[in-house]
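Each chain, written out:
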Amino acid sequence: MHFLPHAYLDPGSGSFLIQLAIAALLGLGVASRAYWSKIKGWFGIKSKPRDGDDESENK
Amino acid sequence: MTNQKINSGGLSASFRDPSGFLFSRGGVLYRQVNHAYAGEYARLMDSGLYERLVKAGLLIPHIEADQVWAESEACFKIIQPERVPFISYPYEWSFGQLKDAALATLSIQRRSLKAGMSLKDASAYNIQFVRGKATLIDTLSFETYKEGQPWVAYRQFCQHFLAPLALMALKDVRLNQLLRVYIDGVPLDLASELLPWKTRWNFGLLTHIHLHAGAQKKYSGEAVKSRGGSMSRQAMVGLIESLESTIQKLDWTPRGTEWGNYYDITNYSDAAFEHKKELVGEWTKRLHPVLVWDLGANNGVFSRVAGETGAHVVSFDIDPAAVEQNYRQMKSDKIENILPLLLDLTNPSPAIGWANRERDSFGARGPADMVLALAVIHHLAISNNVPLPQLAGFFAETGKWHVIEFVPKSDSQVKKLLTSREDIFPDYTRDGFESAFKEKFNINSARDVRDSDRVLYLLERKQ
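Line by line, the protein sequences are chains U and E. Position one of the first sequence corresponds to residue 2 (the numbering used here), numbered consecutively onward. Position one of the second sequence corresponds to residue -10 (the numbering used here), numbered consecutively onward.
It is possible that some hints are incorrect.
As the list claims (entries may be wrong) - Not the full set, but computed from the structure, chain E residues with beta-carbon under 7 Å of chain U:
#1 G46
#2 K122
#3 T196
#4 H201
#5 S221
#6 Q223
#7 G227
To be verified - A few chain U residues facing chain E, derived, Cβ under 7 Å:
#8 Y9
#9 S16
#10 L18
#11 A24
#12 A32
#13 S38
#14 I40
#15 G42
#16 F44
#17 G45
#18 I46
Unchecked claim - Cut-off 30 Å, straight-line C-alpha distance, at most; resulting in silico cross-link-like pairs (BS3-like, lysine-lysine):
#19 E:K135 - E:K44
#20 E:K66 - U:K39
#21 U:K41 - E:K66
#22 U:K47 - E:K66
#23 U:K47 - E:K44
#24 E:K66 - E:K160
#25 E:K135 - U:K39
Just so you know, these hints were derived from the structure itself, not from any lab. Quick caveat: nothing in here was measured; it's all calculated off a predicted structure. Backbone N, C-alpha and C define an ideal beta-carbon position, used for all residues, glycine too.
Using the sequences plus the hints, can you model the full thing?
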């Protein structure tokens, strides 16, 4: 496993590969959201902050 | 952590991680940080991540201790984490507690990524309830995040959190007990098989459980070759957000349950109930226990009375609905010193894991300073056929002071237990109770509960 030569936890081969596939797809969503908020930014619309951001507290 | 035995330098639950281990000296708990982890530790502390997580109530605070106790050359630093009043395990948590633990883990991962770090494990056992909040207690769980690298703890997160939560919400809430058998979380092929077929229409469950299980089967035993495939930061964020929203949508609200509305259907009057609260309040104020176990706590009414003295109260009940209700109430009232937990007194949590020493049994996490057993004895003595002398022996091991309610045969609750079976309990009388318990305890006080046939005892264990 070239990613994590020192990992002490076995991430599991199948878990690794499915994660890459799922995350690639989900990453597109995150990227498009980022572009969208940038476009909205040009028109002066601010995006709402998300849960779990640094400022929020553990409920 | 309190009573785990030390084996070859470390406490028995922390032997896996080469970054360091827990040990105890003179009753104080320490964590050794090994040289191998020095860089990661420095990054955690210097990046401001530690401070932000502690401030948000997501990570246990620690102080750096003197190094004189260093046990081996591997030692870089000794830290002293804040002590957790009572260690609990995921198979003792209600749905809401496991869900909060899962969301806390993801919130930590999200904040870590911002600081250039990532969680290298996502074990439910690394989370404890501290001041009422799900808190990471393993300070050595962080590693430097390298862009391109997938989340090494993804499999563990799905097994420890997502699979049991989905099973509890969508199949049966009692399936959290699978965690008692599978210490590294519910195997995903099992979860996939048990979940209703329609969960394949839920994108999160389809991918993180069903397809994940399929991939594990397909690639089992195969090494992952370095064939391209790396994971961008955006992809990592997308993965964490997807897990978060999948878990957010899982819900379980207690409905028709065993004890859920127990207090509405009790046979005794408000006066009796209030009198019991009065006595519990009077005795806890007098004795000032530090750790109280409320056994058969239902939704925690008496735990709250005991908790008013500032004691740390663990509020155990067998009914997942009662524990859930109790937890939600504590949360909304911001009560920090009461921990609701799921426990079957007739079959309490065993010691599990490697050499049976990774997770302590219920008994090994005691004794408590005070035990409340209100409206419980008749269930143990009659429904579970435990002879009174054996009950006395069990209680003597769980704590010093006991508030025990004796519910006689004339009480309608006991009559109900006896309607469907033969009365084979000739000794189940007030006298029989007293003579059995006098073997182990001194009777400090015995008060008739107003407006009922019940008696509330304050017992002190004989030395």
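Verification of the hints:
1. G46: Since chain U brings a Cβ to about 4 Å from G46 of chain E, closer than 7 Å, the hint holds.
2. K122: 5 Å, holds
3. T196: Holds: closest Cβ of chain U sits about 5 Å from T196 of chain E, inside 7 Å.
4. H201: 5 Å, holds
5. S221: 6 Å, holds
6. Q223: Constraint on Q223 of chain E satisfied, holds at 4 Å.
7. G227: Status holds, d = 3 Å.
8. Y9: With a closest approach of 6 Å, the Y9 of chain U hint holds.
9. S16: 4 Å, holds
10. L18: Holds. Min distance 6 Å.
11. A24: Since the shortest Cβ distance to chain E is 4 Å, the answer is holds.
12. A32: 5 Å, holds
13. S38: 13 Å, violated
14. I40: 17 Å, violated
15. G42: Hint on G42 of chain U: violated, closest Cβ of chain E at ~18 Å, above 7 Å.
16. F44: 23 Å, violated
17. G45: Violated, about 25 Å.
18. I46: 21 Å, violated
19. E:K135 - E:K44: 26 Å, holds
20. E:K66 - U:K39: Violated: K66 of chain E and K39 of chain U sit about 45 Å apart, past 30 Å.
21. U:K41 - E:K66: 49 Å, violated
22. U:K47 - E:K66: Not OK: K47 of chain U and K66 of chain E at ~45 Å, beyond 30 Å, violated.
23. U:K47 - E:K44: 27 Å, holds
24. E:K66 - E:K160: 46 Å, violated
25. E:K135 - U:K39: Status holds; Cα separation ~26 Å.
Hint violations for this structure: numbers 13, 14, 15, 16, 17, 18, 20, 21, 22, 24, all remaining hints satisfied.
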